[in-house]
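For the protein sequence lines, the chains are A and B, in the order given.
Everything in the first sequence is counted per this note's numbering, starting at 1 for the first residue and increasing by one.
Everything in the second sequence is counted per this note's numbering, starting at 1 for the first residue and increasing by one.
Source of the hints: derived by calculation from the structure; they are not laboratory data.
Just so you know, these numbers come straight off a predicted model, no measurement behind them.
Glycine is no exception: its CB is placed at the ideal position from the N, C-alpha and C atoms.
Any given hint might turn out to be false.
[Unchecked claim] No farther apart than 35 Å at their CA atoms in a straight line, the calculated lysine-lysine pairs in the DSBU-like style are these:
no., chain 1, residue 1, chain 2, residue 2
1, A, LYS7, A, LYS69
2, A, LYS73, B, LYS378
3, B, LYS252, B, LYS75
4, B, LYS378, A, LYS28
5, A, LYS54, B, LYS285
6, A, LYS74, B, LYS5
7, A, LYS25, A, LYS7
8, A, LYS54, A, LYS7
9, B, LYS75, B, LYS142
10, B, LYS230, B, LYS75
11, A, LYS25, A, LYS73
12, A, LYS82, B, LYS142
13, A, LYS131, A, LYS69
14, A, LYS54, A, LYS82
15, B, LYS378, A, LYS82
16, A, LYS69, B, LYS285
17, A, LYS82, B, LYS9
18, B, LYS378, A, LYS74
19, A, LYS25, B, LYS378
20, A, LYS7, B, LYS285
21, A, LYS73, B, LYS5
22, A, LYS54, B, LYS378
23, A, LYS74, B, LYS9
24, A, LYS131, B, LYS285
[As the list claims (entries may be wrong)] According to the in silico footprint, chain A covers these stretches of chain B (three or more CB under 8 Å from chain A):
no., region
25, 12-25
26, 290-297
27, 366-378
[Stated by the list, open to error] Example chain B residues on the side facing chain A (calculated, C-beta under 7 Å, incomplete):
no., residue
28, MET1
29, MET6
30, GLU286
Now for the letters of each chain:
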Amino acid sequence: MSLLELKNISKIYGELKALDNVNIKVEKGEWVAIMGPSGSGKSTMMNIIGCMDKPSLGEVLLDGVDISKESSKKLTEIRRDKIGLIFQQFHMVNYLTAVENVMVSQYYHSMPDEEEALEALGRVGLRERAKHLPSQLSGGEQQRVCVARALINAPELILADEPTGNLDEDNENIVLDLFRQLHREGTTLIVVTHDPEVAEIINENFQE
Amino acid sequence: MSRRKMFLKMVTASLLRRRSRMLIALLSIAIGATILSGLVTIYYDVPRQMGAQFRGYGANMILVPSGEEKMTLEKARECLSVIPEDQLLGATPYRYANVEMTSRQRTFVAAATDFEQVQATSPYFAVEGRWPEGDREVLVGKETAETIGVKLNNVIELSYKPEDTYVKNTLNMTVVGILETGGDEEAYIFTTLKAMDALTGVSGQLDVMEMSVSAASEELENYVAEISEKNSDMSARLVKRVTKSETTVLAKLQSLVFLVTAVVLLLTMICVSTTMMAVVSERRKEIGLRKALGASDQSIRAEFLGEGMFLGLLGGILGTALGFAFAQVVSVNVFGSSITFQPLLLPITVIVSMGIAALSCLLPIRRAIEIDPALVLKGE
Numbered sequence: 001m002s003l004l005e006l007k008n009i010s011k012i013y014g015e016l017k018a019l020d021n022v023n024i025k026v027e028k029g030e031w032v033a034i035m036g037p038s039g040s041g042k043s044t045m046m047n048i049i050g051c052m053d054k055p056s057l058g059e060v061l062l063d064g065v066d067i068s069k070e071s072s073k074k075l076t077e078i079r080r081d082k083i084g085l086i087f088q089q090f091h092m093v094n095y096l097t098a099v100e101n102v103m104v105s106q107y108y109h110s111m112p113d114e115e116e117a118l119e120a121l122g123r124v125g126l127r128e129r130a131k132h133l134p135s136q137l138s139g140g141e142q143q144r145v146c147v148a149r150a151l152i153n154a155p156e157l158i159l160a161d162e163p164t165g166n167l168d169e170d171n172e173n174i175v176l177d178l179f180r181q182l183h184r185e186g187t188t189l190i191v192v193t194h195d196p197e198v199a200e201i202i203n204e205n206f207q208e
Numbered sequence: 001m002s003r004r005k006m007f008l009k010m011v012t013a014s015l016l017r018r019r020s021r022m023l024i025a026l027l028s029i030a031i032g033a034t035i036l037s038g039l040v041t042i043y044y045d046v047p048r049q050m051g052a053q054f055r056g057y058g059a060n061m062i063l064v065p066s067g068e069e070k071m072t073l074e075k076a077r078e079c080l081s082v083i084p085e086d087q088l089l090g091a092t093p094y095r096y097a098n099v100e101m102t103s104r105q106r107t108f109v110a111a112a113t114d115f116e117q118v119q120a121t122s123p124y125f126a127v128e129g130r131w132p133e134g135d136r137e138v139l140v141g142k143e144t145a146e147t148i149g150v151k152l153n154n155v156i157e158l159s160y161k162p163e164d165t166y167v168k169n170t171l172n173m174t175v176v177g178i179l180e181t182g183g184d185e186e187a188y189i190f191t192t193l194k195a196m197d198a199l200t201g202v203s204g205q206l207d208v209m210e211m212s213v214s215a216a217s218e219e220l221e222n223y224v225a226e227i228s229e230k231n232s233d234m235s236a237r238l239v240k241r242v243t244k245s246e247t248t249v250l251a252k253l254q255s256l257v258f259l260v261t262a263v264v265l266l267l268t269m270i271c272v273s274t275t276m277m278a279v280v281s282e283r284r285k286e287i288g289l290r291k292a293l294g295a296s297d298q299s300i301r302a303e304f305l306g307e308g309m310f311l312g313l314l315g316g317i318l319g320t321a322l323g324f325a326f327a328q329v330v331s332v333n334v335f336g337s338s339i340t341f342q343p344l345l346l347p348i349t350v351i352v353s354m355g356i357a358a359l360s361c362l363l364p365i366r367r368a369i370e371i372d373p374a375l376v377l378k379g380e
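Start from the sequences and build out the full structure, keeping to the hints where you can.
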């Protein structure tokens with residue numbers, strides 16, 4: 001059984017079809033890239049996979065269960081329990097330190113554990129920066145904190161939207177290395193990107 | 001770390017590390033709480049303050065015998081025992097008799113009393129000269145003094161003929177003061193009770209006892225009922241002219257305080273609500289992020305309510321202190337006396353401030369809950 005399966009998904013806004021009959025299967029442990037130019041519907045698809053939006057037509061099967069008709073409350077629960085999100089703009093709570101930002105994710109999921117959050121920051125090489133506020137971290141460091149935050153609740157799926165879009169080459173490599181490592185450990189990753197070089201690194205990709 | 005600790009950490013960090021916007025909200029709540037605590041202090045202290053002021057306008061309760069018999073000083077004192085000593089500011093006995101001023105061949109009303117008590121119950125009595133100190137000294141009302149042409153230090157002869165005899169009792173008295181009250185008392189001649197006893201030949205009798213009691217009208221009515229109930233031969237009454245105007249002024253003043261407090265709290269609510277709306281607008285991305293991370297509507301609601309109520313707590317404590325200082329200044333300047341801090345004021349002000357802050361957050365929270373994470377977090 002696939003971890004994720006989109007069956008004949010369409011998203012229609014009035015006259016506009018943002019997604020038109022899309023099908024995709026992602027198996028457990030796969031690293032998939034969703035590629036396409038701006039306006040091609042990548043973000044819409046990411047929102048549907050990330051349980052932040054519902055398709056107009058079709059089915060979204062997560063662990064074999066159709067979640068396309070679920071209420072937004074239920075979708076929030078699914079997102080919290082099964083999906084780790086990484087954004088292009090990093091998006092951190094700017095008045096909380098790096099470790100507190102990781103703990104926010106634990107707080108909504110189950111129980112905040114500072115030691116565990118510090119370990120996650122250690123995995124992305126930022127343990128010594130744990131007490132720094134986002135404004136005291138570089139863009140690359142902020143994105144690594146976001147990777148730690150996405151990992152902290154051991155989600156079944158990590159969904160990253162242009163995760164290297166705002167990073168310089170060095171930081172891009174660090175983040176992609178982290179993804180590679182996660183992939184080796186068996187984490188399922190879906191990366192939305194318009195960068196062919198990023199897509200190339202990803203061993204299996206999906207063209208819209 | 002427990003969830004509660006993390007919740008408190010998020011709430012306090014949000015307020016302490018994002019000071020500028022929150023300071024405005026805190027200031028609004030503190031000002032509201034200051035007015036609330038200040039006016040409530042005045043509200044509760046005004047009856048005492050005004051009561052003390054009104055006591056300057058004369059007695060507010062009188063005691064008279066209900067039957068034909070006159071009362072005695074002992075009986076009157078027994079009746080007064082129902083009023084706590086600290087509330088009984090003065091009790092002035094009066095005995096009246098028609099006396100004749102021999103040299104003028106005219107009859108006047110003589111009022112015998114205790115001059116020390118008169119000064120307590122009727123502080124507005126103005127005396128030209130001095131108050132009598134001995135039993136052969138009298139005060140003459142201004143009207144009488146003008147009618148008969150009596151001046152300070154004149155000696156007048158007063159006589160009284162008891163009903164059952166043909167012999168007049170006569171006393172020579174020195175006028176030591178001319179009394180001005182603006183009322184009927186200006187027609188009287190005031191003597192001591194002992195002098196009246198000597199004149200009439202009957203001692204220990206009183207016609208009326210005038211009391212000045214520092215109590216609210218409801219309490220006064222209770223005392224009146226209790227005195228009349230315990231002593232069937234006595235009747236206590238309120239001086240309606242004084243107690244009614246006191247009650248009316250207090251009611252008007254308290255309504256004004258209530259109205260001002262309500263308006264200020266409403267303005268505080270609008271100000272806090274507007275600030276919190278701006279805060280929600282500023283933090284759209286953060287709220288979206290929290291939702292994307294799995295925050296339920298209830299979590300978002302709890303966090304904003306928590307922030308609002310924490311602001312209410314701080315503003316309430318600050319406002320209580322400032323409000324007391326404000327009330328103290330008002331009390332000293334308006335009533336000329338200081339007020340004591342009511343410990344209950346702190347929890348009341350804090351609870352009301354927290355409640356106002358929580359109410360002010362309701363609309364902003366609704367806006368926060370409506371935020372769609374997909375919209376606010378999308379990449380550029």
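Cross-check of the supplied hints:
1. LYS7(A) - LYS69(A): This hinted pair holds, its Cα atoms lying about 13 Å apart.
2. LYS73(A) - LYS378(B): Roughly 20 Å between the alpha carbons, so the hint for LYS73(A) and LYS378(B) holds.
3. LYS252(B) - LYS75(B): violated, 38 Å
4. LYS378(B) - LYS28(A): holds, 26 Å
5. LYS54(A) - LYS285(B): Holds, at about 21 Å.
6. LYS74(A) - LYS5(B): Satisfied, since the Cα-Cα distance of roughly 26 Å is no more than 35 Å.
7. LYS25(A) - LYS7(A): Holds - the C-alpha atoms of LYS7(A) and LYS25(A) are around 9 Å apart, at most 35 Å.
8. LYS54(A) - LYS7(A): holds, 13 Å
9. LYS75(B) - LYS142(B): Answer holds: LYS75(B) to LYS142(B) is near 33 Å, not above 35 Å.
10. LYS230(B) - LYS75(B): At roughly 12 Å apart (the allowed maximum being 35 Å), LYS75(B) and LYS230(B) satisfy the hint.
11. LYS25(A) - LYS73(A): holds, 25 Å
12. LYS82(A) - LYS142(B): violated, 99 Å
13. LYS131(A) - LYS69(A): violated, 41 Å
14. LYS54(A) - LYS82(A): Holds, because 17 Å separates the two Cα atoms, which is no more than 35 Å.
15. LYS378(B) - LYS82(A): Distance of about 20 Å is within 35 Å: holds.
16. LYS69(A) - LYS285(B): OK: LYS69(A) and LYS285(B) at ~26 Å, within 35 Å.
17. LYS82(A) - LYS9(B): Holds, because 26 Å separates the two Cα atoms, which is no more than 35 Å.
18. LYS378(B) - LYS74(A): Holds, at about 22 Å.
19. LYS25(A) - LYS378(B): holds, 24 Å
20. LYS7(A) - LYS285(B): holds, 31 Å
21. LYS73(A) - LYS5(B): Satisfied, since the Cα-Cα distance of roughly 25 Å is no more than 35 Å.
22. LYS54(A) - LYS378(B): holds, 16 Å
23. LYS74(A) - LYS9(B): OK: LYS74(A) and LYS9(B) at ~27 Å, within 35 Å.
24. LYS131(A) - LYS285(B): holds, 22 Å
25. 12-25: holds (count 4)
26. 290-297: holds (count 8)
27. 366-378: Contact hint for the region 366-378 of chain B vs chain A: holds, 5 residues under 8 Å.
28. MET1: holds, 5 Å
29. MET6: holds, 4 Å
30. GLU286: holds, 5 Å
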